[in-house]
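S.K.: This is what each chain is made of:
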Amino acid sequence: MSDERTTGTARVKRGLAEMLRGGVIMDVVDAEQAKIAEDAGAVAVMALERVPSDIRRDGGVARMSDPSMIEGIQKAVTVPVMAKCRIGHFAEAQVLQALGVDYVDESEVLTPADEANHVDKWRFTVPFVCGATNLGEALRRIAEGACLIRSKGEAGTGNIVEAVRHLRSILGDIERVKVARPEERYAWAKELRAPVDLVDEVAERGELPVPLFCAGGIATPADAALVMQLGAQAVFVGSGIFKSSDPSKRARAIVETTTHYDDADIVAKVSRGLGEAMRGEEMGALDVKLAERGW
Amino acid sequence: MKIGVLALQGAFREHAEALQVLGADVALVKRPEELDSIDAIFLPGGESTTIDKLLDSSGLRAPLTRRLRDGLPAFATCAGLILCASEVIDGRADQSPLGVLDVTVRRNGYGRQRESFETPLTVRGLADGDFAGVFIRAPVVERVGRSVEVLAELDGVPVLGRAHDLWFASFHPELSGDLRLHQLFVNEVS
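Chains as they are written, first to last, in this note's numbering: chain A, 1 to 295; chain B, 296 to 485.
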């Protein structure tokens, strides 16, 4: 073994997110679902005990999954395996790193463990993905070491409206920061509650320093095409696949759409005869808004 | 010279950006007809099992294989290398590599993300020092055929090489911020 191998660098951690671009990351609760997801062409799976719509229905405290369940999924598939820890719960994150998961999602879908602090993600070799509803939140997570940002959307609803709001907010503010005069970036940093060096980086690159994916409410191939055209670089699908009537077929259709999102003929072709989508929820009917978790 | 970048899934944008900086005419390839006008192609990193399926659904598998067999210059990185290999160990049972490059690779042979790493590499034919090798859940090249010229090794294992105009790397030159390998390839195949 060479002595000069360095693990856990920003380039290596962000690099895996770059490899997932144009792909679909699917929530799975057991080895059987994980295999269906991989068979359908998922670029990665998210191992969790209950999909968000069940967490929403059951209530109670939602925590990191049982390690044996995560290991079962790692054995079942060859694609990267992600898993969720609670916001601020660095001990759960340590366990997930010890298990060798490929990405940790510090997720608002689970019950937060800390009302002020997120995990200090720089301390970890495993990369983290975090949710955001706006540019300031995205940059605060990146400042803490997140290597991938996803919209929060409103998980478990099968309703794309919140993810669209979050993507438009993040991408719209990036455009506004880009055209701001250099001396105005300090005020932007104050308004966004984010470090000015990250605001500078966004202004100069015209995009986040890490990839931006979409999560929260994708239920159909057209939903995936919508958010990819808006500027998401890949999609997470949670309840939308395994709460539908034909998960395998729907999963394949969303995989194809995420590649060919700008070709409506292909989206039309794969959208035919998918059976029932998940039922879905109106935002006004929700008791708990998961997207409000995180600081 | 028009250079295509296979854009079904993965890090195709980074290759396209590197090539644009070098002044190349770059075209993303997602459909069979987009293969017709290109003079070389980059096969990027990504999830090889996903790209394998998308090659079928997009109709690209047969025409891409034909063009590579006919000598279309190509640079295959990480998952792209897995796609080109003649033999893949630890792949999915339904994964069918194009078999245009006489190498055997072990998928995720360098381990999971936790084991992913960077290391300096000495590349034959590259002036001005080492090249930063970024290895992400990378495949291990376990065997190379006689047609393959090895250009860089890590602990005695080939990590960069070429069989005539088909180049491969088990790491990610497009993530290094160093354009020398893209430049070298473009110079050699132009």
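Check the hints yourself; a few may be wrong.
[Said to hold, decoys possible] Selected chain B positions facing chain A (in silico; Cβ < 7 Å):
#, residue
1, A306
2, S332
3, T345
4, K348
5, L350
6, R362
7, F412
8, E413
9, V429
[Said to hold, decoys possible] Covered, in the sense of this in silico footprint (three residues per stretch, anywhere, with C-beta under 8 Å from a C-beta of chain A), are these stretches of chain B:
#, region
10, 373 to 387
11, 400 to 408
12, 452 to 463
No wet-lab data here; the hints were simulated from the structure. Every residue gets a Cβ at the ideal spot worked out from N, C-alpha and C, and that includes glycine.
S.K.: Give a verdict on every hint.
M.R.: Here is how each hint holds up against the structure:
no. : hint       : result
1   : A306       : holds (5 Å)
2   : S332       : violated (19 Å)
3   : T345       : holds (5 Å)
4   : K348       : holds (4 Å)
5   : L350       : violated (11 Å)
6   : R362       : violated (20 Å)
7   : F412       : holds (4 Å)
8   : E413       : holds (5 Å)
9   : V429       : holds (6 Å)
10  : 373 to 387 : holds (count 5)
11  : 400 to 408 : holds (count 4)
12  : 452 to 463 : violated (count 0)
Of the numbered hints stated above, those contradicted by the structure are hints 2, 5, 6, 12, listed in ascending order.
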